[in-house]
Amino acid sequence: MEQYIRCHKLKLSYIDKKTIIHQLHPASKILWVISILIGSIIINDPFLLFLLFLSTLPFVFIGKILKEWSSFIKLALWLSIIIIFINIFASQNGSTILYTIYGLPIIGSIKITFESILFSIGMSLRMLSTISAFAIFTLTINPDDLLQTILMLKFPHKTVLTTTIAIRFIPCLLKDLETLQNSVKTRGYQMNEGRFFRRIKKKAILIQPLLSNSLERSIQSAEAMESKGFGSIGKKTFYKKIQTTNYDYFIIILSLSLIPFFISMWIFDIGKYNYYPIMDSLNVTIPYLIMAFIMVFLISAPITFSPIKKAIDLD
Amino acid sequence: MIEIKNLSFKYANSKKNALNKITLKISDSEFILLAGPSGCGKSTLCRCINSLVPSFYGGKISGSVNVQNIDATHTQTKEMAKIVGMVFQDPENQLISTDVEREIAFGLENQGLPKTTISKRIEEVLDTIGIEQLRNRQISTLSGGEKQKIAIASVLVLQPEILVLDEPTSELDPKGAEEVIQLVKRLNEDFGLTVLLSEHRIDRVLQYVDRIIVMENSKISYDGNTREWIHHVGKTIPDIGVPPVTRLSVALQNKKIESKIPLTIKEGRQNFSKIFESNKFKKINYSSNGQYNNKPNIAIRAKDVVFKYPNSKIILNGINLNILKGEFVSIIGRNASGKTTLAKMFNGLLKPSKGNIEVNHINTKNISVENLSRYVGYVFQDPNVHLFADIVEEEITFMMQNLGFELKTIEDSLEKMLSNFDLNYCRYSYPRSLSTGEKQRVALSSILATRPQFLILDEPTRGLDYEMKRNLMFHLKSYQRDGGTIIFISHDIELIAEFGERILLLGEGKIIADGNKHEVLSNSLHFSPQINRLIQPFTKYGLSSDILTVDEIMKGFQ
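Quick note, the sequences are listed as chains A and U, same order.
Using my numbering, you'd call the opening residue of the first sequence number 1 and step up by one each time.
Using my numbering, you'd call the opening residue of the second sequence number 1 and step up by one each time.
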């Protein structure tokens with residue numbers, strides 16, 4: 001049973017669930033991810049970052065990928081905890097001192113400040129929204145379509161080769177990980193014993209075989225692609241046509257308008273936020289709220305408007 | 001036509017030549033078997049023909065490779081793709097796309113052919129190979145054999161004149177392997193495709209090929225007709241994986257009974273009928289030899305075991321079973337009959353959904369896999385899964401250290417394992433750089449070093465040639481003599497017929513048959529070894545109908 005649950009958690013590869021999100025053209029999805037990435041870089045404000053994260057959620061529900069998406073987010077949350085933990089001790093900025101640890105060798109004392117806690121939470125929110133967007137992207141994109149799209153966009157062959165191999169191997173890697181874990185377990189290796197850091201250290205034993213397996217696998221794939229004439233000079237045809245629907249144009253227009261929108265936010269100082277030395281208070285003005293609303297709308301609009309979907313279906 | 005002259009090749013980071021002065025000529029429409037131990041240079045030679053060596057791998061090459069009047073050593077692989085179709089060992093990693101049609105279209109897309117041509121060629125190839133029913137499937141849902149057929153289709157669609165296959169069956173189960181070989185044979189016969197097939201299981205293909213090329217130590221040691229080759233290597237045949245009927249004819253020859261060399265059962269019956277008619281046989285009834293009745297210690301007990309994953313069908317359905325101390329139990333059965341699931345129950349990797357499994361009177365539900373590993377050793381199918389350490393020595397001591405053995409014991413055990421498994425020469429080597437057979441020995445020794453009471457092996461012989469298999473069985477038998485209990489999952493009926501004892505036949509999650517190998521394996525179409533099928537019409541001359549091996553026939557001679 002335990003085995004099964006772990007198996008299930010690892011089902012992170014693409015499954016065609018035939019939703020609108022799955023049927024979007026890879027190019028529109030790439031654009032969408034890029035626009036969110038830009039937003040998460042420009043915005044500093046923890047509240048807006050949180051909103052950014054939340055506005056990716058409708059895609060998860062409409063795409064029916066909640067389970068798979070959650071496992072990505074769970075991983076991101078673990079990473080956040082580590083980041084927060086390290087930042088609290090490492091960053092000595094900020095003026096609201098909550099606690100000071102004295103008498104440490106060499107460094108003397110460490111102060112824990114309210115600002116550093118909040119800063120790291122802000123950074124984690126930024127990471128969460130990017131990871132959420134990427135998770136939606138990888139879970140709903142057909143690897144073949146993606147390969148074809150980046151070929152059509154005239155990326156160099158080596159780049160395409162590397163991307164394909166990387167995307168294809170995520171599920172293989174996870175399968176390997178499971179087998180290797182079983183293998184060390186059956187050889188009496190206590191992997192889940194001891195404190196957090198000890199466990200991580202114990203798990204490190206899996207890294208080397210995992211990497212060697214992936215390396216062997218990518219060589220084999222590259223060899224096979226080469227043997228079928230990949231990278232021949234001259235024009236390449238595409239046997240299957242990737243369908244574009246009006247829905248794609250809709251997403252493209254929204255994503256394209258998101259980019260100038262984020263830039264204007266940056267120009268008007270909305271979403272700018274200082275954590276150090278003293279946190280800014282959240283300056284909730286009317287323009288701020290309007291901008292926040294527009295942002296949420298632009299990102300999640302495609303989904304909340306079921307009438308549009310109907311109109312498109314009739315089309 | 002392929003013409004190789006004085007070809008030598010050395011990989012960039014290697015000291016030794018991978019190919020050494022190879023000279024070879026292959027005419028059109030020949031079906032050639034390339035045989036030899038692993039690491040002999042078979043794969044490298046295959047790769048020379050479509051110029052993956054040297055254009056993909058790099059290295060030092062001398063001599064010439066001429067393929068249909070094209071100098072392959074100076075041509076890019078992607079250009080050779082139109083003439084040479086290459087199929088690799090691993091069914092998974094050579095497929096690029098996620099659905100079947102796209103995979104087949106891949107090579108044509110690269111050549112920039114118009115869409116209509118692509119559609120037409122895909123139709124043709126689907127029909128030629130007989131895989132129309134797979135066209136809309138996702139590749140991840142296919143079996144290994146089906147994947148390998150798609151791989152063949154995806155190169156055949158480029159209409160090559162030569163098909164090169166590098167151990168295409170070594171990752172497949174016998175049924176998948178048989179299908180792939182049949183397909184290759186048909187392509188050769190019906191379409192005149194030149195085929196170069198590298199294969200470690202010689203017995204599978206010997207009957208189909210026109211010519212055999214044997215490689216040893218980077219050189220060609222034999223090149224010629226298959227039957228002449230068997231005659232040529234006659235005395236050493238017990239070490240080479242020829243079909244059992246062929247081995248029988250050699251064994252008879254050693255007894256000064258001459259016969260023509262057969263490669264199939266049909267030929268065997270024709271060639272041997274006179275011999276069996278004119279000789280007298282002792283009637284030995286093997287089935288009644290109750291070997292395991294005098295070992296009353298129950299080591300593993302399964303009671304009403306049911307296993308299913310949530311939301312899936314039942315995998316094990318009411319298994320009741322006792323395994324006694326010191327037994328050699330082979331588990332056979334179709335794919336997905338529950339063999340591996342059952343084996344994983346015995347070491348606690350899976351726990352029964354209903355019912356109980358007791359190992360040494362401990363219920364597996366009450367003990368962790370890690371702690372159970374003190375009693376139960378588990379050998380995975382792929383030896384790579386076992387290799388974690390930087391050097392062989394560390395690999396062997398890894399498990400002993402995990403289980404907290406004393407330093408003195410560890411050192412003694414290490415030395416013993418190194419010499420028992422003949423690993424002294426590579427004790428400081430990087431385990432992953434070893435050959436398949438060596439890897440398997442390292443994996444096995446690392447587990448046996450802890451002296452477990454039980455040893456479970458999940459298809460340990462896949463990818464091994466005959467000599468390596470015999471070597472493995474030798475080690476297993478000696479472990480059994482020291483009091484160990486073995487659970488051996490395998491598809492390899494011939495091997496089990498020779499070395500097995502008790503056999504469990506699983507089907508649809510149930511035990512269909514359980515008994516002595518002579519009872520279970522004789523008189524069945526699918527699960528009988530070749531010799532047993534061969535002798536059925538000869539039982540009227542006094543041969544017992546449950547004979548399974550060449551040795552048993554020879555013993556019966558009076």
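By construction, these hints were calculated from the structure, which means they are not laboratory data.
Since the structure is predicted, the reported quantities are computational estimates derived from the model, not experimental observations.
We put the beta carbon where it would ideally sit given N, CA and C, even for glycine.
Check before you lean on any hint, since a few could be wrong.
Which stretches of chain A does chain U cover? Using the computed rule of at least three CB atoms under 8 angstroms from a CB of chain U, they are [to be verified]:
(1) 38 to 51
(2) 202 to 213
Pairwise CB distance ranges, derived in the manner of DEER restraints [said to hold, decoys possible]:
(3) U/I284 with A/K203: 54 to 60 angstroms
(4) A/T162 with U/M554: 54 to 60 angstroms
(5) A/E216 with U/K16: 44 to 50 angstroms
(6) A/R199 with U/I362: 53 to 59 angstroms
(7) A/V284 with U/N371: 45 to 51 angstroms
(8) U/R334 with A/S70: 34 to 40 angstroms
(9) A/V284 with U/Q138: 48 to 54 angstroms
(10) A/K158 with U/N356: 34 to 40 angstroms
We went through each hint and held it up to the structure:
1. Here's how the stretch 38 to 51 of chain A fares: 0 of its residues keep a CB closer than 8 angstroms to some CB of chain U, so the rule of at least three is not met and the hint is violated.
2. Only residues whose beta carbon comes within less than 8 angstroms of a beta carbon in chain U count, and the stretch 202 to 213 of chain A has 6; three or more means the coverage holds.
3. A C-beta distance of roughly 56 angstroms is found between U/I284 and A/K203, which places it inside the suggested range of 54 to 60 angstroms.
4. For A/T162 paired with U/M554, a C-beta distance near 59 angstroms keeps the hint of 54 to 60 angstroms intact.
5. With their beta carbons about 21 angstroms apart, A/E216 and U/K16 fall outside the hinted range of 44 to 50 angstroms.
6. The hinted window of 53 to 59 angstroms between A/R199 and U/I362 is violated, with their beta carbons roughly 26 angstroms apart.
7. One distance hint, 45 to 51 angstroms for the beta-carbon pair A/V284 and U/N371, is violated here, with the actual separation near 58 angstroms.
8. Against the hinted window of 34 to 40 angstroms, the Cβ-Cβ separation of U/R334 and A/S70 comes to about 37 angstroms, which satisfies the hint.
9. Checked against the given bound of 48 to 54 angstroms, the beta carbons of A/V284 and U/Q138, roughly 50 angstroms apart, stay inside it.
10. One distance hint, 34 to 40 angstroms for the beta-carbon pair A/K158 and U/N356, is violated here, with the actual separation near 56 angstroms.
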